[in-house]
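Visitor: With the hints as your guide, set chain B onto chain A.
There are 2 protein chains.
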Amino acid sequence: MTFVKMFDFRRLGDDRGSLVAIEANNNTPFPIQRVYYIYGSESNVARGFHAHKVLQQLAVCVAGKCTMLLNDGNTKVEVVMNSPTKGILIEPMVWHEMHNFSPDCVLLVLASEHYDESDYIRDYEEFLKQVNQ
Amino acid sequence: MTFVKMFDFRRLGDDRGSLVAIEANNNTPFPIQRVYYIYGSESNVARGFHAHKVLQQLAVCVAGKCTMLLNDGNTKVEVVMNSPTKGILIEPMVWHEMHNFSPDCVLLVLASEHYDESDYIRDYEEFLKQVNQ
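For the protein sequence lines, the chains are A and B, in the order given. The first sequence begins at -17 in the numbering used here and counts up one residue at a time. The second sequence begins at -17 in the numbering used here and counts up one residue at a time.
Chain A extracted, bound-state conformation (with noise of 0.2 Å):
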């Protein structure tokens, strides 16, 4: 038991495809005010390196895979993001990382609030100061 809270999402569908819903409130811990996806990206990118200080999100792998890395300052989590039914929080105050993309991989990220570069903590030894506070 972490601090990471993983969701399962019903896949509906058949042997002619897939379909995952996600409402929100209902599927998510908050309304969905921003929709992005991160996709191209090569696999020695890494990217993220970054805090929240309100944000709350939802991420999952729609295509490909990835590895999320997930620190709240005093633990990380590693995990492998290959499903389009795994979804991963990552929570205010959470550093994260995302590494190892997949060519194919597309990473489709369900935000609780519109950009605000204000929101951001992208130094590590400011998050490390913030958190242990």
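Any given hint could be a false lead.
In silico DSSO-like cross-links for lysine-lysine, where the CA-CA straight-line distance does not exceed 27 Å [what the hints assert, rightly or not]: (1) B:K47 / B:K111; (2) B:K58 / B:K35; (3) A:K47 / B:K(-13); (4) A:K47 / B:K68; (5) A:K68 / B:K68.
None of these hints come from the bench; they were simulated from the model.
Guide: Using the frame of chain A, we list chain B on its own:
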């Protein structure tokens, strides 16, 4: 000029990879209450074949490609969806079908409401009757 509204999303990114962000009410004409994605469809499978009375949807093909057929009862428009930066609005009372899924296709759809079976019109003759009232 047809009844079909297309959206061009800005691709944020560089040589390392791409990111597309869609914000509720900024990049969509509706709040985002539901997010679903269709994947693993066989190429000989067709999906959709319904219209909605009230639901508004924005569809983006975030991986692979498929063909979207939209029909307002008077005009049929066929759009090849093959770009993570191209969105298509599916407005109420528009019959829609999806065809020609590539094996790697992931069709992402943002919707204005939670799932409601009573909002579906699944009979084409009934759709024509209602739309031509």
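Visitor: Tell me, in ascending order, the numbers of any earlier hints that this structure violates.
Guide: 1, 3
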